[in-house]
Amino acid sequence: MITHKSPPLFSNWLANPPHLLVAGDAPLAAALGQVLGGAVIPLNALDEQIQEDEVAAGVSYHLLEELQTVMVILPLSAGLTDVARWGDQIWKLVERFSSMGDQHDLRWVWVPIVGNSARIEEGLRVVLSLPPDVLDMAGYGYGIWNPKQSLLDLGRVWQSICPADLLTQRARRNRDGRRRALGMLLGALQGYDPDAVVAAAQEVMAQFSKEKEFLLDVFCQPPSHPNGGELRRWLTEVVTCGVTPHRCSSSRSKVEGWLRPELAPTP
Amino acid sequence: MKLIRILIVEDDNSLLAKLTTLYRAKFAERGFTATIETAQTVDEARKLAKAAQSHPYDLVSLDVILGDTSLTGLNVLSTLKRFESAWMVALVTGVETDKNADKTLGPDVANDLRRQLRKEAYTRFPAERLLVVEKPSQQLDEKAATTLLGNRLEQIALVYEEVGRLRYIFRPVKVVSLERVKTGNRSRAARQFVEKESRHWQIRFNCGDIRTLPDKAGYLTLHKLLGLSPGESLTPEEALLLEPVKRKAGASAATEDTVATYFISKGFPWEEMDEPRRLETIRAALTLKFERYCELRGFQADDDLSPNEEDELKAIIKDLGPLAGLAETAYHRLNPDSTEAGQGDDLNIGGLIQQGLNVQRGGFREQEEGRLGVDSLDGEAFRARKKRILDDLRENGFAAMADHLEIHLQSLSSNWSYDPPLGVEWTVS
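Here the protein sequences come in this chain order: A and B.
Numbers 1 to 267, taken from my numbering, label the letters of the first sequence in order.
Numbers 1001 to 1429, taken from my numbering, label the letters of the second sequence in order.
Simulated from the structure, these hints should not be mistaken for lab results.
One thing to keep in mind: the hints can contain errors.
What the hints assert, rightly or not - Simulated crosslink set (BS3-like; lysine-lysine; CA at most 25 Å straight-line):
hint, chain 1, residue 1, chain 2, residue 2
1, B, K1224, B, K1050
2, B, K1289, A, K92
3, B, K1266, B, K1289
4, A, K148, A, K212
5, B, K1196, B, K1216
6, A, K92, B, K1196
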């Protein structure tokens, strides 16, 4: 149940189920929330496992039943791993607090405060597992609005987006070559087959070719950049020098510690 | 003529055309006029399933392999269940013999699907409304395959008719539970378990799940109404016979000390208490009652009173007896902004005009829902009982059923009647 320990925003959502959720810490988030009539949630609130009390109590309130749109205000310091993490956290909230669960349709509008929208868009495509040949993200449920543009442009972006649910995103992730290659690598390590491990490592290197190696950080657990660096060094070593059956065992625990757990192949 | 709304999900164009023709023909033979919609991809089917939440499909014919490498007809099945947008589903599958399955999904996934299809399907959709039907083998010639497919669709139509009888259920079920009771008059008498029977109600409305609710006032009357033939109605006398108003035993004794009786019934040792203690107890009880009365009246003013709270409010008014008027005055004093009628004694022209020249003290009742004139006592009783039933259904997850009854359960002068739309037939036993 919603107790005095629950964040006040949960009580607010119970009284006024939001149609729009604005996730962000900048004054822009508060301003957009006020102007557009949406609920504002700070980014650090996404990082806290605030729904665990409710999960433990076995009580479910459909706080986000009416939610239609999510806006994420990306701070200057946000990296792609943060983008991936916040997106997943918001989906977890929706799954938990909507009766439609992973089939709840949403529109997503990403708002980079400062920075190159094109680079943000490229990074989002990887995070969201969008096919590289897709020109328009709107058909997949996502859009980007630069705050330098007008609110009218925001309205156009918003209206052009076709809502999509988490089930569709998960299916897209299952088809993502990068994720499949990383899943194969984890699977090969579990099988302790050196040849399979080398082949999988080569496939991963092919998927994250030069100039795109930094994207490997997106698939690593925090701290993502150091873990991504360790993984890149390990991959180079395996591809260059091979791996012994004995080293498969020690490598397995290391790689599983670097990569995000949801990449592991399902049994 | 009966109507049926069908969705056919099939990615093979020629098979889709064949299914459309055959379904229309087979259901026409059974007296149905079919409206058929089609979808050829998982995305399209899931969009239609989500859109059909308020107006579900009667039958969905669903292929399993739909050309998507990650999503199959089983995902569409989950969506149909989640959004309650299909009454019955026929999973028309050829995955056992379809060579394209290996190419589309990969051999590992396709083999898993072959082994687990039925098990997976029945975990995603209620088994009593799900048929898994094989497509004719690709090795058969065109004519034989069409005849075989036609026979299978005919079986689907037959099952649909039978299963359709259980779409709307409101029937009593006996629930036996064990209750520990004292056997003997001594203070430390032994206790034993005895069987206790109670009436519950098994309910399903449209494509929702079938659930059981404990008995509540009004359900027996509702059960009678749902079982009436078209054109029949229920008189207030019949309703009273079905569910008589309960009266407490011994309430008519005029010479009883009602205050003593009240406190003794609450467990107070009234006879042993001296006068100051009795006064203190009365004062404390009244304070609690008044506070709770004001709280519940506040909820009532906000139209936010649950059926249980309504019962509690009525019990408090009864308990307060002649002090109920004082409690109402206290409530209005604590809530001076209340705009409820009867609050003040001032009669001003503006107030009169706002109330439609309806003088509160003149013996006229408030206008209700735009109706003019005075409600009969029977009509008032019917409306109050109907509201209680519908509120109770809404609180227990049957909002769609409550909305349906709101429209189709009405009173004709003082008689009650239920006038459902075409296709709604209740199973009441």
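Tested hints:
For the hint linking K1224 of chain B to K1050 of chain B, the alpha-carbon distance of about 35 Å lies beyond 25 Å, and the restraint is violated. Among the hinted pairs, K1289 of chain B with K92 of chain A is inconsistent with the structure: their alpha-carbon atoms are about 45 Å apart, more than 25 Å. With a CA separation close to 14 Å, the supplied pair K1266 of chain B and K1289 of chain B stays within the 25 Å bound. Taken as a hint, the K148 of chain A and K212 of chain A pair is broken in the structure, with Cα atoms around 28 Å apart against an allowance of 25 Å.
Annotation: proposed proximity of K1196 of chain B to K1216 of chain B holds, straight-line Cα distance about 17 Å (limit 25 Å). Note on K92 of chain A and K1196 of chain B: the hinted pairing is violated, with a Cα-Cα distance of about 44 Å set against a maximum of 25 Å.
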